[in-house]
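S.K.: The residues making up each chain are set out below.
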Amino acid sequence: MSEPGQTAISARQLTRKFGAKVAVDHIDLDIPSGRIYGFLGPNGSGKSTTLRMLCGMLLPSDGHAEVFGLSVVKDAEAIRRRLGYMPQKFSLWEDLTTDENLRFMADLYGLEGNVEARIAEQRATYNLEDLRTQRAGTMSGGQKQRLALAAATLHSPELLLLDEPTSAVDPQSRRDFWERLFQLAEGGATILVSTHYMDEAERCHGLAIIAEGRMVAEGTPRALMAAVDANIYEIEGADGSEAPRLIRELPWVHGVTQLGIRLRVLANRSVKDAEVQLRTLLKQHHIEAKVELTSASLEDVFVVATRRENNGR
Amino acid sequence: MAVSRMRAAVRRLKAVATKEVRQLSRDRVTFGMIVGVPLMQIILFGYAINYDVRNLATVVQDDANTSMSREFIAQLKATQVVHITYTTRSSDELERLMREGRASMAVVIPHDFERRLQADTRPVVQILVDGSQPQLAVVAGGIAAVPLLTRHGEGPYSGGKRMAPRRIEIRTLYNPEKRTAVQIVPALIGVILTMTMVLFTSGAIVRERERGNLELLIATPLSSLELMVGKLLPYVFIGLIQTTIILIVGAWLFSVPVVGRLVDLYAAALVFIAATLGLGLFVSTLAQTQFQAFQLAFLTLLPSILLSGFMFPFEGMPVAAQWLAELLPLTHFNVIIRGIMLRGADLPEAWLQLLKLSGFLTVMLIVAVVRFKKRLD
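Going down the list, the protein sequences come from chains A and B. For the first sequence, counting from 1, position 22 maps to 22 in my numbering; every step adds exactly one. For the second sequence, counting from 1, position 351 maps to 664 in my numbering; every step adds exactly one.
Be careful, since some hints might not be right.
[As the list claims (entries may be wrong)] Chain B is faced by these chain A residues, among others (derived, beta-carbon under 10 Å):
#	residue
1	Cys55
2	Met57
3	Gly84
4	Met86
5	Phe90
6	Ser91
7	Leu92
8	Ala106
9	Leu108
10	Gly110
11	Arg135
12	Ala152
[Said to hold, decoys possible] The calculated EDC-like cross-link candidates involving lysine to aspartate or glutamate, where the alpha carbons are at most 20 Å apart (straight line), are:
#	chain 1	residue 1	chain 2	residue 2
13	A	Lys290	A	Glu236
14	A	Lys283	A	Asp229
15	B	Lys327	A	Asp95
16	A	Lys21	A	Glu77
17	A	Lys89	A	Asp75
18	A	Lys290	A	Glu212
19	B	Lys390	B	Asp376
20	A	Lys17	A	Glu186
21	A	Lys89	B	Glu523
22	B	Lys390	B	Asp340
23	B	Lys327	A	Glu242
24	B	Lys669	B	Asp659
25	A	Lys272	A	Glu242
26	A	Lys290	A	Glu242
27	B	Lys327	A	Asp99
28	B	Lys327	A	Asp62
29	B	Lys327	A	Glu100
30	A	Lys272	A	Glu212
These are calculated hints, taken from the structure and not from any lab test. Remember, it's a predicted structure, so these values are computed and weren't measured experimentally. Every residue, glycine too, gets a C-beta built ideally from N, C-alpha and C.
Kindly produce the complete structure, drawing on both the sequences and the hints.
M.R.: Structure below.
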């Protein structure tokens, strides 16, 4: 196991093109070991492509990346032995049972010692005892996900790459899943997980927000929220369709989100009297509403970061 | 170090092969195909592909109606190739029967049949053939030859001398004594193996890709070569099982002998199976979906059937087609297997064909592994 605090993954100007399309655009990464690090971004933002480059499955078009100090291009084979990968789509064999799938993966990774005992251990950890002889194809989303994680961690990898691991599971399974991730991180594993769920992103130790192949923000979730480049106003009691339309027309508003009876307005920080302007605007149109400055959520960070990216082009 | 690495590689290979067998045994359709395809094909081909056409519906218009013409008709019947379904006196009716497809062939004996036989240079008998069934024209040529040739130089038909050389030619094309099954079954081993081996393997790797398993496999220490060999191994045994089925059914239903040694036969089959699996593997690196793989597999199948000497004699094909045929493993296997099964040849005599098959396998494997590596990208 690599020491905590060391760098597990580092990338410089990592780029991947598919023809004319730039899927990953000069990304720099420094991910410390023993942490859960998240990639937050919409579908098609380049999260999967980055993960695939890190496990040597795709060659970078430009730049380079190292995992445990090993080049993902030259030392891909050496990295693979220390790495567990869980693709977005369930990728074990649906016509094989739990035990058969685990046994197969154990053979591929050349597990030494008492293989049956290790498999039994994984079954216990991931609550698969009742599913031993059940074929994976007949399992529920949550069961499949537990099996996939059990398979990916069977050889006790130092690095775990998880590509949107919770996209097909219910909320309870998601919570359990994250419990297990924290346990794995506690055991010393570095975990890189991509997601488009804000609540999941918020649980990561470190976070990179990715949009259109570029990293648009990076830091701990808390730091990102504190440093958000916008003021957030919450407006209560203006839940018609008129108010959001009016507010969006203001030149200094980044975005308006409706949450039940509340509106969340992302305003440019340089506009000092935003609160007053909002109140005036609403009053002019005879809308009775309460306007209040509030603290940023991760979603706000995401909206601001991706918006800046769009304007930057 | 090297030993433990070897052992790990063998373990991975074995794991892949075991998994493949397990999946195969659970996929009932594919499993059924392993036995069903050769059975169906051999029965279908064995009975249906019949160059020695028999009982052809025939109409006879005997305008001469002499003892000699009746004898000629009896001769025709004796060949068993024709079945005289109608006799008529009117050419209108004859034409109608042909047009309606009730008769595939018509034999018209002119009223001056005997005179023509004696001296005339005009055709003795006119045979009309349904041209919409191409093979029949050849058959007709043979039929025209048979009765006259049997009488050649020994009596009443000696006047047909002038026709004889041309008819001898036809006769070599068509030998009524020869049973097609004997020619077909050995070659059928190759055709069926090509069909199933290429189909199975081309689907095998693509299936992993299509179902998303490949993405996981690539992230493991499993190498491309281990994956490919591991996936192919079970099919080698399946190929041998199919060969056995064809041999047994061939001997049982069509009395096709194995004149040469069985060991030679299986050794040749093994080399051929490996070559076709290589082809299937190559196809699988070209295709993205199983559907594409099947289409591509059929694309290789058709030339194999048409150009390999299974359907048409190799020597009769244009040079360009021969070159193409040289690239097909089935062409070489047909030469080997006919030699062993029918002429009792020894395997080493076919060293040239074996060499070509091995070369084919090597090239296919290299191309497949190289292409597959690229595909990770």
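S.K.: Against this structure, judge whether each hint is valid.
M.R.: Right, here's what the structure says about each hint:
no., hint, result
1, Cys55, "holds, 5 Å"
2, Met57, "holds, 5 Å"
3, Gly84, "holds, 8 Å"
4, Met86, "holds, 8 Å"
5, Phe90, "holds, 7 Å"
6, Ser91, "holds, 4 Å"
7, Leu92, "holds, 7 Å"
8, Ala106, "holds, 8 Å"
9, Leu108, "holds, 4 Å"
10, Gly110, "holds, 4 Å"
11, Arg135, "holds, 8 Å"
12, Ala152, "holds, 9 Å"
13, Lys290(A) with Glu236(A), "holds, 5 Å"
14, Lys283(A) with Asp229(A), "violated, 27 Å"
15, Lys327(B) with Asp95(A), "holds, 18 Å"
16, Lys21(A) with Glu77(A), "violated, 28 Å"
17, Lys89(A) with Asp75(A), "violated, 26 Å"
18, Lys290(A) with Glu212(A), "violated, 36 Å"
19, Lys390(B) with Asp376(B), "holds, 18 Å"
20, Lys17(A) with Glu186(A), "violated, 36 Å"
21, Lys89(A) with Glu523(B), "holds, 11 Å"
22, Lys390(B) with Asp340(B), "violated, 52 Å"
23, Lys327(B) with Glu242(A), "violated, 67 Å"
24, Lys669(B) with Asp659(B), "holds, 17 Å"
25, Lys272(A) with Glu242(A), "violated, 24 Å"
26, Lys290(A) with Glu242(A), "holds, 16 Å"
27, Lys327(B) with Asp99(A), "holds, 17 Å"
28, Lys327(B) with Asp62(A), "violated, 38 Å"
29, Lys327(B) with Glu100(A), "holds, 13 Å"
30, Lys272(A) with Glu212(A), "violated, 31 Å"
Hint violations for this structure: numbers 14, 16, 17, 18, 20, 22, 23, 25, 28, 30, all remaining hints satisfied.
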